[in-house]
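Asker: Below, each chain spelled out in residue letters.
2 protein chains.
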Amino acid sequence: MPFTEKSLIARIRQRAPSGGGVVTGIGDDAAVLRIPPAHEVLVTTDFSLEGIHFRRKWHPPEVIGHRALTRGLSDIAAMGGQPIAAFLSLALPRDLPQAWVDGFLKGLLNLARTFKVSLAGGDTAESPAGVLIDIVVVGSVPRGQAIVRSGARAHDRVYVTGTLGGSAAVLRGLFAGRRLRARDFPQHFHPMPRIEVGQFLRRRAIASAMIDLSDGLSTDLAHLCEESRVGAEIEREAIPLAHLGKPAKPVDPILALNGGEDYELLFTARPGMRVPRRIAGIPVTPIGRITSDPQILLITRGKPVDLPPKGWQHFEGAGRSRSK
Amino acid sequence: MPFTEKSLIARIRQRAPSGGGVVTGIGDDAAVLRIPPAHEVLVTTDFSLEGIHFRRKWHPPEVIGHRALTRGLSDIAAMGGQPIAAFLSLALPRDLPQAWVDGFLKGLLNLARTFKVSLAGGDTAESPAGVLIDIVVVGSVPRGQAIVRSGARAHDRVYVTGTLGGSAAVLRGLFAGRRLRARDFPQHFHPMPRIEVGQFLRRRAIASAMIDLSDGLSTDLAHLCEESRVGAEIEREAIPLAHLGKPAKPVDPILALNGGEDYELLFTARPGMRVPRRIAGIPVTPIGRITSDPQILLITRGKPVDLPPKGWQHFEGAGRSRSK
Numbered sequence: 001m002p003f004t005e006k007s008l009i010a011r012i013r014q015r016a017p018s019g020g021g022v023v024t025g026i027g028d029d030a031a032v033l034r035i036p037p038a039h040e041v042l043v044t045t046d047f048s049l050e051g052i053h054f055r056r057k058w059h060p061p062e063v064i065g066h067r068a069l070t071r072g073l074s075d076i077a078a079m080g081g082q083p084i085a086a087f088l089s090l091a092l093p094r095d096l097p098q099a100w101v102d103g104f105l106k107g108l109l110n111l112a113r114t115f116k117v118s119l120a121g122g123d124t125a126e127s128p129a130g131v132l133i134d135i136v137v138v139g140s141v142p143r144g145q146a147i148v149r150s151g152a153r154a155h156d157r158v159y160v161t162g163t164l165g166g167s168a169a170v171l172r173g174l175f176a177g178r179r180l181r182a183r184d185f186p187q188h189f190h191p192m193p194r195i196e197v198g199q200f201l202r203r204r205a206i207a208s209a210m211i212d213l214s215d216g217l218s219t220d221l222a223h224l225c226e227e228s229r230v231g232a233e234i235e236r237e238a239i240p241l242a243h244l245g246k247p248a249k250p251v252d253p254i255l256a257l258n259g260g261e262d263y264e265l266l267f268t269a270r271p272g273m274r275v276p277r278r279i280a281g282i283p284v285t286p287i288g289r290i291t292s293d294p295q296i297l298l299i300t301r302g303k304p305v306d307l308p309p310k311g312w313q314h315f316e317g318a319g320r321s322r323s324k
Numbered sequence: 001m002p003f004t005e006k007s008l009i010a011r012i013r014q015r016a017p018s019g020g021g022v023v024t025g026i027g028d029d030a031a032v033l034r035i036p037p038a039h040e041v042l043v044t045t046d047f048s049l050e051g052i053h054f055r056r057k058w059h060p061p062e063v064i065g066h067r068a069l070t071r072g073l074s075d076i077a078a079m080g081g082q083p084i085a086a087f088l089s090l091a092l093p094r095d096l097p098q099a100w101v102d103g104f105l106k107g108l109l110n111l112a113r114t115f116k117v118s119l120a121g122g123d124t125a126e127s128p129a130g131v132l133i134d135i136v137v138v139g140s141v142p143r144g145q146a147i148v149r150s151g152a153r154a155h156d157r158v159y160v161t162g163t164l165g166g167s168a169a170v171l172r173g174l175f176a177g178r179r180l181r182a183r184d185f186p187q188h189f190h191p192m193p194r195i196e197v198g199q200f201l202r203r204r205a206i207a208s209a210m211i212d213l214s215d216g217l218s219t220d221l222a223h224l225c226e227e228s229r230v231g232a233e234i235e236r237e238a239i240p241l242a243h244l245g246k247p248a249k250p251v252d253p254i255l256a257l258n259g260g261e262d263y264e265l266l267f268t269a270r271p272g273m274r275v276p277r278r279i280a281g282i283p284v285t286p287i288g289r290i291t292s293d294p295q296i297l298l299i300t301r302g303k304p305v306d307l308p309p310k311g312w313q314h315f316e317g318a319g320r321s322r323s324k
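Which chain is which? The protein sequence lines are A and B, in order.
With the working numbering, the residue at position 77 of the first sequence is 77, and numbering never jumps.
With the working numbering, the residue at position 210 of the second sequence is 210, and numbering never jumps.
Be a bit skeptical, because a hint or two may be false.
With a straight-line Cα cutoff of 25 Å, these simulated SDA-like cross-link-like pairs (lysine to any residue) come out [to be verified]:
1) B:Lys116 to A:His39
2) A:Lys310 to B:Arg13
3) B:Lys6 to A:Asp102
4) A:Lys6 to A:Asp102
5) A:Lys6 to B:Leu8
FYI, nobody ran anything at the bench for these hints, they're computed from the structure.
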């Protein structure tokens, strides 16, 4: 049975988790949110477009819902913030089965519940082509404490959370025609935003600058360095590679450098700062240092080479999506 | 010359008005906004999709930018709020000329400047089909004072601002193959959000419930009545019709009932409330009353008939877009 727009809005409204800071949610001209006193508001928006960010034949609907919201939550994590509410703009082709929509909402709302995020509004439309999703996440952070990209200084140490390259390695497998089940490869199908890690780094004032790894280490590091007007040296051997399969094998290191969508955090800290090896159960690994020279270099067995931003092309021949 | 994504982000960043409540704008993982003390946050998101909400052959790029932002600002107006920042998610087909993008940004940013709204972020992507726009507007309102849809009570009077049916009448002309110039028909091409009117109604505590007329009077009145669990009686002869053309003629009254995209405000006020005939230069017209019976009736020369929600279909054969 194809979906109808009225049933879609009714279903979203019925199932949407609400409460928290949401005074007025779905069903008015705008949502009304309450922000804690002495806090600032964080806002991020992220497209997930069929054919650009996902394919329906590769990604089950639950996965598409989960990944779409992860993109937004990960941006809030990268500011050290607390997510409050999500807004879903959703355009659907007319012939889409209701079961697809139900699966999509299930994946999105399960992740929202995990982080106590309300679904507080959005927009619906018929799509001219494919499933079109734009997710907005609104969060809060104590005034003046958001961790921005521009705070890195020469001699700061560079860290990443978790392991890198796992999502891109799975995507490479999908491109090669392999059937990979969502439950076996959470790195790609169910990435988790590092909300607790981001908040820990903010509360302890550990991170001097931070960005989430959505476009890939080489590109996101370049964004951070550009905003901070610095450069960096990264130790190739220090980069924590994802391990996939049974028996688990490390991914191609090039995917850890240029593969996107790991949704780990990349941050810097002053040289004397004590940084835990593990935060909220997630490993934290030092991988290099910030330099005053604006070049970004990759050090392999002591030899430096340029590290150009070659963030993952989500789909060959398709354009990039980059926040802001 | 086709656009490139890097140049697009650079252009947006260079031209975007900033300041106001924006602490950190374009160029970080999320924007950081400051909300005035004792205020709540308003958030609204609205798609503008090629083929659904506009056609490139009918709508110049400046008009598409203006109309996309109007959709969001009008939602803030309908809450009695103050807009602070807009976020633009923009997916473009690869072959789109740079001049189109420049025109689009000009239309959007001119309107943003008019209302002192910062462009504080968004997302960009290559589009799988056509120009895809999602606009988010964030605003503020003093705590507890947002004018919601659910506040109408039996015996309240019903009012509309401005005149109705003008936008739909122009769209009907476009469908009929008429060449209509944007500067001659601002009702459709350059609708203005009623920000000042909404704020006046909130400050004076005049409106008991409010909604903006984006889908058409019959549909938006039904939304307001549904949320307030009431009905209404509307006097057909009282509805202020738009006048178009030279010499100016009133539009088909059916378009004032069911035509959308006028972006006027529909509000209710308690029976004893003094409501000015004109607010911020915009006429305000009483058109009926709220009833405890949940039916919505249209009274024509004293005779009541059902007024079903028949909001304007933006494009024949295409689906509706409805906020929340």
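Asker: Would you pick out the hints that fail for this structure and give their numbers low to high?
Answerer: Of the numbered hints given earlier, those the structure breaks are 3 and 5, listed in rising order.
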